[in-house]
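Since the structure of chain D is provided, determine the placement of chain L on it from the hints.
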Amino acid sequence: MGQTTPAWASEARWKKIAIWVTAGSFVLLVFLTFDTLSKVSVGGERVRAYSVINKEIDYRYDEKQKRFAPVIGKDAPLFGQALSEEEAEKLVMLGKKTTQAKNCMNCHTLLGNGAYYAPDLTKAWLDPGWIDAANRENLMLAFLKDPAGNARSFGSGRRMPNLGITDEEAHGVVAFLKWMSAIDTNGFPNNFKTLNTKE
Amino acid sequence: MNSIVTALPGKIASVFTRLDSPYLNGGQQLAVKYFSVATVLFFAQLLFGLLAAIQFVAPGFLFGWLDFSVNRMVHINAMVVWLLYGFIGSVYWFLEEESGTEIAGLKLGNIAFYVLTGAVTIVVLVYLLIQTGPGKDSTIWFINEGREYIEAPRWADFGIVAVMLVFFYNVAGTFMKGRWSGISGVLTLDLIALAGLYCAGMFYLTNITADQFWWWWVIHLWVEATWEVLVGCIMAWSLMHLIGARRKIVQTWLYIEVALMFGSGILGLGHHYFWIGTPDYWFSIGGFFSALEPIPLVAMVVHSVYDAGVHQFKSRNHPALAWIIAHTFGNFLGAGVWGFMHTLPQINLYTHGTQWSASHGHLAFFGAYATINIAFFYMAVQKWRGNVWMGGELPGNGWKWKWAMALLNIGVLGMTVALLIAGYEQSFIERAVEGSTWSGYFSAQNHPWFQQAMHWRLLFGLITIAGLVLLIWDLMTIGKGETRPALQLSEA
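Protein chains in written order, with our numbering: chain D, 1 to 199; chain L, 1 to 492.
Next comes chain D alone, as it looks inside the complex (with noise of 0.2 Å):
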């Protein structure tokens, strides 16, 4: 102790360091932040515009990408009524809102964020638990307005509380989730099998 400091160890050149670090990742941070938010816009080729909701909407193996990739199929239109983008914005929006209202990030995870009590709900219009397309939505309305009477607990015992969903609100929640399985997340879940593979 009490040498001269080595100039490689002296607090100086720590300083400058640590300054020059600190600014150029943020400086590339926010330059990546720009590149991010322009290639995830609502109606690009990542995040699909509100009205996929009138499309089949399919989660597949991609053999280019050797992953998983959303897969827009034919006119589908959710609850058998095309909607404009400013219609399909608005409904996907209340469900949004419904989705953040009723806290369901603290049991559910949401593009695999949120907490581990309840399953994913990324690809929930997907799953293979609605058995098949045709009576989906309605088994979703019903499940989410009543979800304690409609329990799918898979023998866990957990069920979801009624948390006082209203038909609108359901309505907006079932589009919210059909519009979320169109986003492309780079594979996650891997090896998903959708209702539609199981048909």
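FYI, nobody ran anything at the bench for these hints, they're computed from the structure. The reader is advised that the hints may include incorrect statements.
What the hints assert, rightly or not - Take a look, some chain L residues computed to stay more than 12 Å from chain D by CB distance: (1) Leu108; (2) Leu125; (3) Thr132; (4) Gly173; (5) Phe329; (6) Gly398; (7) Leu462; (8) Ala466.
To be verified - Here are the in silico distance ranges between beta carbons for each label pair: (9) Glu97/L <-> Ala69/D: 55 to 65 Å; (10) Met341/L <-> Ala69/D: 48 to 58 Å; (11) Asn446/L <-> Glu85/D: 38 to 48 Å; (12) Gly392/L <-> Ala12/D: 35 to 45 Å; (13) Ile295/L <-> Thr4/D: 24 to 34 Å; (14) Leu462/L <-> Phe34/D: 42 to 52 Å; (15) Ser84/D <-> Tyr169/L: 20 to 30 Å; (16) Lys39/D <-> Val433/L: 26 to 36 Å.
Please read these numbers as outputs of a predicted model, since none were measured by experiment. Virtual Cβ for every residue (Gly too), placed ideally from N, Cα, C.
For chain L alone, kept in the frame of chain D given last:
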């Protein structure tokens, strides 16, 4: 009735004024208020964590009254808030000594404390009693924002920002009035970043990809960047205070840590951008930089253990030094090793959204943040009692602090391992084998390996709570009736 209501603020203030001690400076009196509320919230965190843990083994427990979502939200929110209370308190604690002058706005700081505590109380009561609302903006503004970790409704966000501004004014103003140092410079800049980042979580977006993109700006850049630097500052000051480490050495280390922490942590944000719809270049950026994230944490371990060793582990406050060492190891293991284990996208594809994250979260938040706050509680209580002796040879050989420390660490480590096993099991059965369908999710949840892990987690949770009860008892009694003065350290 009216007179009761008008007298209430005075009554509440008088409760906190009883915490004043003639041995403390202004900033330290304020710090003690923060520490006492932090302890209450720490207990609330564990209590609601316990309720949630019970629901994993007995799903009918409190169903329809306090559902899992409510308990889990209070569990993680109480944690975030008590840690922040601890950090704010720690900074107020050393503010006057570090700046060599009196705090710039003590009165304002006190008002901010009462405003924040009042707001936290209202937010928690609304969480518990109202819980959810209709799918409208009014719910997001007044009940619950529904975004993990930052569920506080929007009105409270503005309150939090206002209080943070007062805190920032006190920190920057006091150093400007007195003297600056390496620690205070880093601290002040870090607080600007910390407060600014919170604003990234204060708006609604329907586009869930963009929503989660900004949400991670707050969560990640707080806990894996600005909070880490904040505790780096707190640790630097603590080492000088506790063992007489030289300022030049701790400040050089602090700069090294800032360079490594921000150099890895800012772009390490990318590990949250693998699966939320963001472009896949984040695989490389997030993978590379988050793989570097443990390095500054290794540096902290080396730094603290080396410095303590150089000073022959002679310290003014044994419990505090022990918790500082626990902090560096806990930070390295919980944040560094547990984080690294599942951070690369090739494994994260299977571990994302499983109990892996819960395992990492438990050890990291405890190891990196709870520990250093507890160290500060001990430093505070020592001076509060008149700067009394807190080295070796405490009454009863200091069994309370030693057992509290052992129980808390064993409890958290036990929960971490139990959750890790559950996470392995989920990654295999739910993700790899069953492809993450709902039926796959429940196959994993119903498997005996998962069920056993949840029972073990509950048991170790109870041990953690026992540790906290003992810790609180110790903090209330340690140094009582002690006549020996604290060890004097010569700065060497």
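Tested hints:
1. Leu108: holds (30 Å)
2. Leu125: Its Cβ never comes within 12 Å of chain D, the nearest being 16 Å, so this holds.
3. Thr132: Violated, because the least Cβ-Cβ distance between threonine 132/L and chain D comes to about 5 Å, which does not exceed 12 Å.
4. Gly173: Glycine 173/L is indeed farther than 12 Å from all Cβ atoms of chain D, at 23 Å.
5. Phe329: holds (24 Å)
6. Gly398: holds (30 Å)
7. Leu462: Since the minimum Cβ distance to chain D is about 20 Å, leucine 462/L lies beyond 12 Å and the statement holds.
8. Ala466: holds (25 Å)
9. Glu97/L <-> Ala69/D: 55 to 65 Å: At roughly 58 Å between Cβ atoms, alanine 69/D and glutamate 97/L fall inside 55 to 65 Å, so the hint holds.
10. Met341/L <-> Ala69/D: 48 to 58 Å: Once the Cβ atoms are compared, 28 Å apart, the range 48 to 58 Å for alanine 69/D and methionine 341/L is violated.
11. Asn446/L <-> Glu85/D: 38 to 48 Å: Distance hint for asparagine 446/L, glutamate 85/D holds at roughly 42 Å.
12. Gly392/L <-> Ala12/D: 35 to 45 Å: Given range 35 to 45 Å: holds, Cβ gap about 39 Å.
13. Ile295/L <-> Thr4/D: 24 to 34 Å: holds (27 Å)
14. Leu462/L <-> Phe34/D: 42 to 52 Å: holds (49 Å)
15. Ser84/D <-> Tyr169/L: 20 to 30 Å: violated (50 Å)
16. Lys39/D <-> Val433/L: 26 to 36 Å: holds (33 Å)
In summary, the numbered hints that this structure violates are 3, 10, 15.
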